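There are 2 protein chains.
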Amino acid sequence: MKTILYSGLTANGNYGSSEAGQLPKQEEIDDINLKAKQAGNIIIGRKSYEIFKDSPIFKGIDVVVISSTSNFSGVKVAPSPREALDYLSSSGYDNAFIIGGVTLANTFLSQRLIKEMYINIEPYIENGLKLEPFDNKLMNLEFLSNKEIGNSGIVQIHYNLI
Amino acid sequence: MKTILYSGLTANGNYGSSEAGQLPKQEEIDDINLKAKQAGNIIIGRKSYEIFKDSPIFKGIDVVVISSTSNFSGVKVAPSPREALDYLSSSGYDNAFIIGGVTLANTFLSQRLIKEMYINIEPYIENGLKLEPFDNKLMNLEFLSNKEIGNSGIVQIHYNLI
Numbered sequence: 002m003k004t005i006l007y008s009g010l011t012a013n014g015n016y017g018s019s020e021a022g023q024l025p026k027q028e029e030i031d032d033i034n035l036k037a038k039q040a041g042n043i044i045i046g047r048k049s050y051e052i053f054k055d056s057p058i059f060k061g062i063d064v065v066v067i068s069s070t071s072n073f074s075g076v077k078v079a080p081s082p083r084e085a086l087d088y089l090s091s092s093g094y095d096n097a098f099i100i101g102g103v104t105l106a107n108t109f110l111s112q113r114l115i116k117e118m119y120i121n122i123e124p125y126i127e128n129g130l131k132l133e134p135f136d137n138k139l140m141n142l143e144f145l146s147n148k149e150i151g152n153s154g155i156v157q158i159h160y161n162l163i
Numbered sequence: 002m003k004t005i006l007y008s009g010l011t012a013n014g015n016y017g018s019s020e021a022g023q024l025p026k027q028e029e030i031d032d033i034n035l036k037a038k039q040a041g042n043i044i045i046g047r048k049s050y051e052i053f054k055d056s057p058i059f060k061g062i063d064v065v066v067i068s069s070t071s072n073f074s075g076v077k078v079a080p081s082p083r084e085a086l087d088y089l090s091s092s093g094y095d096n097a098f099i100i101g102g103v104t105l106a107n108t109f110l111s112q113r114l115i116k117e118m119y120i121n122i123e124p125y126i127e128n129g130l131k132l133e134p135f136d137n138k139l140m141n142l143e144f145l146s147n148k149e150i151g152n153s154g155i156v157q158i159h160y161n162l163i
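Keeping their order, the protein sequence lines are chains C and E.
Heads up, the first sequence is in the numbering used here, so the first residue is 2 and it goes up one at a time.
Heads up, the second sequence is in the numbering used here, so the first residue is 2 and it goes up one at a time.
Bear in mind the hints are in silico, worked out from the structure with no lab data behind them.
Remember, predicted model here, so these are calculated numbers, not experimental data.
Straight-line alpha carbon distances no greater than 25 Å define the calculated SDA-like cross-link-like pairs of lysine to any residue that follow:
id, chain 1, residue 1, chain 2, residue 2
1, C, Lys131, E, Lys138
2, E, Lys77, E, Ser91
3, E, Lys48, C, Leu139
Go ahead and model the full structure; you've got the sequences and the hints to work with.
Encoded structure:
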């Protein structure tokens, strides 16, 4: 199964910590929506799901929320990344599309469960949380492409994890 | 005076902490060299200068090392960013070109002395030091352009600070 992580970072590489930082721009929402529909599914952390759960992104696809304690109606809840992937695999999907938050992203990275990444570099500098595996090992990436998405100065870089 | 900061970051937004991370690739050295020659000068932190001082980058341009204690032959030593800029301004330069290390970059950012930035996003994920102003205030950037430099997957993004 191809696992695809989608992250929005500030220009200085943080998950934004302010309201302005946390809310994706419309072109990012459109892009996330497109990629989620292509995969047919989305894996999301509990906190992020609670913030965004009414978004049209989640309509018509298999939604998997990672949580060991919560229940949400109409979506699959899996206690771990591995079990989320097993569920999607057994449901016949070839790709899994993973979005934030940062704790979930770092957990997938730490468990070496990511094969492909999109990083959106947003045009501001801010303090925030770091995208990184917990073991701090160097992970090499294969650069695939870069492009501006939308008109607000967001640069998207696409990588394979080697 | 237009102050231009040049930073190399990992894909997850850190100044790389390993040897592999710290050493710029040849295409970055060529690019730094070109931009330093265009400015006619370079401002660099003491530690970075000690590591790279034999590099051809420093030949034929005005080199300003920021240090309150050290002396180096053949280069100007200034005790602070402000005094480095004053020196270059009084020498007739219109632009100042500032490279690492991260402490120097963060000092310039914190003192709101940067007008333009180049950020090179390098194709790996690693723990490291953060590029950010000490006051953690949000700084908006105006996106100017992005491009791949060289053939090793480095994406360079060019911003104005607003």
